[in-house]
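Go by the hints and put chain B onto chain A.
So the chains spell out like this:
Protein chains: 2
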Amino acid sequence: MNPHPFDTAIALTHEPPDRWRGRTSDDYWNMVSPYGGVTAGAMMQAMLDHPERRGTPLAFTLNFLAPINAGDYAIDTELVRANRNSQHWAIRLSQAGRVLAQAIAICALRRETWSLVEAAPPEVPPPEQCPPAPPRKATGFLQRYEFRIVRGTPFAVNEDSLSHVWVSDVPPRPLDFASLTALCDSFLPRIFLRRPDFVPIGTVSINIYFHAGEAALTRHGAAPVLTVAQAQAFSDGHFDHHGHVWSADGTLLATTQQLVWYKE
Amino acid sequence: MNPHPFDTAIALTHEPPDRWRGRTSDDYWNMVSPYGGVTAGAMMQAMLDHPERRGTPLAFTLNFLAPINAGDYAIDTELVRANRNSQHWAIRLSQAGRVLAQAIAICALRRETWSLVEAAPPEVPPPEQCPPAPPRKATGFLQRYEFRIVRGTPFAVNEDSLSHVWVSDVPPRPLDFASLTALCDSFLPRIFLRRPDFVPIGTVSINIYFHAGEAALTRHGAAPVLTVAQAQAFSDGHFDHHGHVWSADGTLLATTQQLVWYKE
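In the order they appear, the protein sequences are chains A and B.
Quick note on numbering: this note's numbering labels position 181 of the first sequence as 184, and the sequence is numbered without any gaps.
Quick note on numbering: this note's numbering labels position 161 of the second sequence as 164, and the sequence is numbered without any gaps.
Heads up, a few of these hints could be off.
For identical chains, the list gives no copy identity; a pair is met inside one copy or between any two copies.
Unchecked claim - The calculated DMTMM-like cross-link candidates involving lysine to aspartate or glutamate, where the alpha carbons are at most 25 Å apart (straight line), are: (1) 266 <-> 115; (2) 266 <-> 217; (3) 266 <-> 52; (4) 266 <-> 121; (5) 266 <-> 81; (6) 266 <-> 239; (7) 266 <-> 162; (8) 266 <-> 200; (9) 140 <-> 200.
These are calculated hints, taken from the structure and not from any lab test.
All of these numbers come straight from a predicted model, not from anything done at the bench.
Same shape as in the complex, but just chain A (with noise of 0.2 Å):
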């Protein structure tokens, strides 16, 4: 059997202690560059890779830097700091020496305590109720995608830029810590649900707290995930969103922000 292709994406050969290389993927290509969502995911797994590394991904903050070309790439990985139960990291990927995105992220043992998931999902049919959305693109990351639109029209002008998206991997691909870092990275643009038409844009910075441990990923398997998001601020060439990601049961797995420039 083929490895799925975000497997191959996301491959990365160590060099100890703390480098580790890649290479990029026209599986997941985006426009001038990787999609960000598996730039993100290669980071993610050099970290979880490394044989210091304990507990499982709490916060992971990502900047990209400049774009990403086609080719190898080298990730360095840096423990900065290992306390009783956590650790935090910083991690940068790297063409030709150029720094091109930078992380910094925390791992932490999960323990038993006094829980409250205050957040809810929103009330939306079942994914199998819900047609896939017709490829927006022919080739690259899209394609690696399936998008069931329950709310938000993409290249409308909806009253707000609110959408519920059931996402899943193609082909389907049991959820680990790397493929929901890069699922956080696969909402519609926001500017897309408030204007009709395309403009540039790119993601700066996007921002995860994991808010459940492995077992509620092995729970969830290769389900599609609900994604919820809206934007808050479109301002002097920037937006953000807040997005939630839910398991099919109804777990909320992330939250997660992002930051994007767009061009006018």
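Structure of chain B alone, referenced to chain A:
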């Protein structure tokens, strides 16, 4: 006239090219460490003061690695990449060579573009009609902020964790990016809005997107800001919140997220 205690707390001495020396302030002390907001403000200020800094803050993410002791600290700023219209920074605070906080940040030149603020401030009475909350503590950073609580009762079982609070520096101080950064950590920990009893907590990560430029901050002056926040999940020893900071005239100054450790 004496300098404002916030200015004293974030005062830095530059050791060119990229090191800054500061000292913790009793005025902004918290339980076992400085108030996280003043640490964030000092790290922001180091970047702002850097002679190579261009543009204004756009995104700022800070992870707290370990408690900062009372006394001297160093801040190292690294301009990781400068593009035509944006800069990417990495900032670390250390004591005796041990990194205790790490941040990544983006500065950008703000540009006139199509704009739309989708979020709306809640309808609340003006600050002068809202009584200041009695001080929660007799010393430390809580003395340095005045909270006028419109919604959300601390240390009670509220129906949700949503709060609306007018917050201002004590004494009043004209808003700038360092104080706005600090204000983004002034939200009452959400767990104290869902549980009546104190439980040990500590912020581990704070993320801020700045939606307005210098002009909006200058226009705002020293008036209280309206802070709005709500948790999404409390699970496995960590909870989050998602918040807004509004100026007196209804301008969205910042959106912010936080991840907070809690004991049980």
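Original post:
From the Cα coordinates, with 25 Å as the cut-off, is the pair residue 266 and residue 115 best called within, between, both, or neither?
Top reply: Between copies, since 10 Å is at most 25 Å while 46 Å is not.
**OP:** Classify it for me, residue 266 with residue 239: is the Cα-Cα distance of at most 25 Å met within a copy, between copies, both or neither?
**Re:** within (10 Å within a copy, 41 Å between copies)
**OP:** Measure nothing new, just compare the shortest in-copy and cross-copy C-alpha distances for residue 140 and residue 200 to 25 Å and report within, between, both or neither.
**Re:** So residue 140 and residue 200 pass the 25 Å test inside one copy only (15 Å; across, 54 Å).
Original post:
When no copy is specified for residue 266 and residue 81, does a C-alpha distance of 25 Å or less occur within a copy, between copies, both, or neither?
Top reply: neither (34 Å within a copy, 27 Å between copies)
**OP:** Tell me, please, which holds for residue 266 and residue 52 at an alpha-carbon limit of 25 Å: within, between, both or neither?
**Re:** neither (37 Å within a copy, 28 Å between copies)
Original post:
Quick one: residue 266 to residue 217, C-alpha cut-off 25 Å, is that within a copy, between copies, both, or neither?
Top reply: between (39 Å within a copy, 21 Å between copies)
Original post:
Given a CA cutoff of 25 Å, do residue 266 and residue 121 count as a within-copy pair, a between-copy pair, both, or neither?
Top reply: between (36 Å within a copy, 19 Å between copies)
Original post:
Within a copy, between copies, both or neither: where do residue 266 and residue 162 come within 25 Å Cα-Cα?
Top reply: within (22 Å within a copy, 42 Å between copies)
Subject >> 25 Å Cα threshold - placement of residue 200 relative to residue 266 >> reply: within (12 Å within a copy, 49 Å between copies)
The structure shown violates the earlier hints numbered 3 and 5.
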